[in-house]
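Using the hints, position chain B against chain A.
2 protein chains.
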Amino acid sequence: MSALQINHQRLWSRLMQMAKIGATVNGGCNRQALTTLDKEGRDLLIGWATELGCSHRFDEIGNLFIRKEGTQPELPPVITGSHLDTQPTGGKFDGIYGVLGGFEVIESIIEQNLEHKHSIEVVAWTNEEGSRFDCAMMGSAVWTDFMPLQQAYDLKAFDDGARVEDELIRLGHKGEHAAKAFPVKASYELHIEQGPVLEKEGLTIGVVTGVQHMSRHHLNIFGQECHAGPTPMAMRKDPVQALSLLLPKLYAAADKFGEDSRVTFGMLDAQPGSPNTVPGKLSISMDLRHPDEASYNGLVADAYAHIKAACEELGVDYTLEETWKAPGVTFAKDCVDAVQAAVNDLGYSNRQMVSGAGHDSVHVSKVCDTSMIFIPCRDGLSHNEDEYASPEHVGQGGDVLLNAMLRSAQ
Amino acid sequence: MSALQINHQRLWSRLMQMAKIGATVNGGCNRQALTTLDKEGRDLLIGWATELGCSHRFDEIGNLFIRKEGTQPELPPVITGSHLDTQPTGGKFDGIYGVLGGFEVIESIIEQNLEHKHSIEVVAWTNEEGSRFDCAMMGSAVWTDFMPLQQAYDLKAFDDGARVEDELIRLGHKGEHAAKAFPVKASYELHIEQGPVLEKEGLTIGVVTGVQHMSRHHLNIFGQECHAGPTPMAMRKDPVQALSLLLPKLYAAADKFGEDSRVTFGMLDAQPGSPNTVPGKLSISMDLRHPDEASYNGLVADAYAHIKAACEELGVDYTLEETWKAPGVTFAKDCVDAVQAAVNDLGYSNRQMVSGAGHDSVHVSKVCDTSMIFIPCRDGLSHNEDEYASPEHVGQGGDVLLNAMLRSAQ
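Residue numbers (this note's numbering), protein chains in the order written: chain A, 1 to 410; chain B, 1 to 410.
The shape of chain A in the complex, shown without the other chains (with noise of 0.2 Å):
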């Protein structure tokens, strides 16, 4: 099969006209989810649709899908999307670059008079940041049956209060059609990869092969609250000193598992907060993230002999409570092939990775054969206004999404 391409300048260019919709005065976007500029987007992209005479639909939790039929029309369609709503300080890609990717696939092909015997779809889900309502990826969780439609509809906003299914009925995106995952061939989401690899290692693409297994953790360490000048070390229960003892340990975990581990302590805060007091309480938040089970369940075990290893040693009390958990992905072989070798026609550089972060893609994962396709940002930076991929990059993620879709939809 020989590798074709998409119009590089033509995605580039409607990537950067929809950014003009909820455009910050620091070249980022805010344009949050089931808000009129979330309408305003999504229109954008239906008049786009409407021109090139493709179909849409909404369902109904306000799933957006824009319909190329394939030669075969009743056989299950081959997906690809993920979502037009950004963080309120977010990017111009993170999101975006995945629908309006897909829809250039839809255009390439019209254009370029491919035949395909399955449909092509391309979907913009609803709230993937959940950063208005406080549920990220609700779209595609509802679709996949991970969340009850009735929940998702009396979300409230975190800005206003108003609920997930009035501002649908107000933005006229609440549609006939089932929020349920119908067949489908196979699905793919291009997207910019949101960490520093590809870049500092000069790559092109990263053949997404699955998405780390990751939780989140929350300890805290009771000390005794004494005054800094009197008390004698050895007299003392203080929880720093803990702290100082399984840090180290935690930190080398992460090393004994590999460079695929993942240690983060992101919140850390010590009470009273007195600098001449001992503290009482250490509040610590831990997020633990390995792509291989057996590692991730090596890496979970150790932090928590460690942790309580440290506080006995030191004879403080603790409590340690898992407070999130999104068990891994594995992709189909199949999709991830198909990724690979549109990729590997293409000639451009690349690797398997597995995502760090969460994607539409881990639910729609659980119901039909899926795959991702990552492409380098600067600085490895997202959900920020300087979030940027280079037009080059967005050209060449785009190539290699067509080329895997017409080989899942022949």
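Don't read these hints as lab results, they were simulated from the structure. Treat the hints with care, since some could be wrong.
Taking lysine-lysine pairs in the DSS-like style, the calculated list, with each CA pair at most 25 Å apart, reads [to be verified]:
#1 B:Lys281 / A:Lys249
#2 B:Lys249 / A:Lys200
#3 A:Lys256 / B:Lys237
#4 A:Lys237 / B:Lys249
Given the structure is predicted, the values throughout are model-derived calculations rather than measurements.
Just chain B now, kept in the frame of chain A:
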């Protein structure tokens, strides 16, 4: 010299009477500096002094002196004292014990017809706690010329904004006598330890040889915010990882300089404090103390070197500055020896120790020979409504003060 004793029961009873003024529901005291309650407490003491036939006087900053003439009144007096003001949720002993213990010494001397050449004076320093007016040890600071009188006068209360001078006038405590040190033969201060050492070691008396060198430092470690998932550990600038390198070294430095070292991290805060983001900034307070000057300097130098090394190793920027410093004090050998001899005469179990906290005696020691006497307090608690010392220890501390003062007053 045979060992004399004070009246244990009377001292305890007076402490309990004083504690009724400003008593809190939780068994503590709220008798903050220059309040009407503070005046009530001082009036109670003045009443007892007047009954005994002792004169009293206020100086310009409200320090209250009670005098028992010696046989040679022209000689410089031996003084003792502490403060009657408390923290908002303070106890019955911190400061009060030093004043009433001193007064009990006068009363015992009179009752037992003990002769002494040098006069004995008991002083209640104004505003030692610094909780209503933001200047701890204010009265003794002015008296020793550490702080200008006008600066103290202009301090404003946290609660109602009242000026120190106006409050002194309102309460009738602005005296005519200069707030300025006069010649003193020797000075003693009786105090609860405010730490756990005597209690833990089962000892009755701490012979205080000085006050620790102490300083406070603020450390900011700057990392690079990034998502907890996609960014490999080796590509992170993680300030918590710098913390994991330096904490064990700083605690080891405390060990290196012996059991008198104190290293305390009271404030610890990660920004932005999101569980799935590597912090961009870690903010830490570091309190360093040691009684020995060379060891103190070594501890500070080591801490700075370890912080520099850890941050350089991980390639993270940092700022480190000293925010407060109180040079240590070595009390006069004559006074320390007098206390030690008194304890030996009485046969009370004891040890020499340094004070971990500041006291009026730190100022007083700059202008005359000074020492302190500590007794155990339960669980090392102070600045706390649960602050407690046993009647037995309270009495025994008073015995030591009586004998030490008489040694100096001969």
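Hints and how they fare:
no. : hint                : result
1   : B:Lys281 / A:Lys249 : holds (22 Å)
2   : B:Lys249 / A:Lys200 : violated (32 Å)
3   : A:Lys256 / B:Lys237 : holds (20 Å)
4   : A:Lys237 / B:Lys249 : holds (18 Å)
The structure does not agree with numbered hint 2 stated previously, though it agrees with all others.
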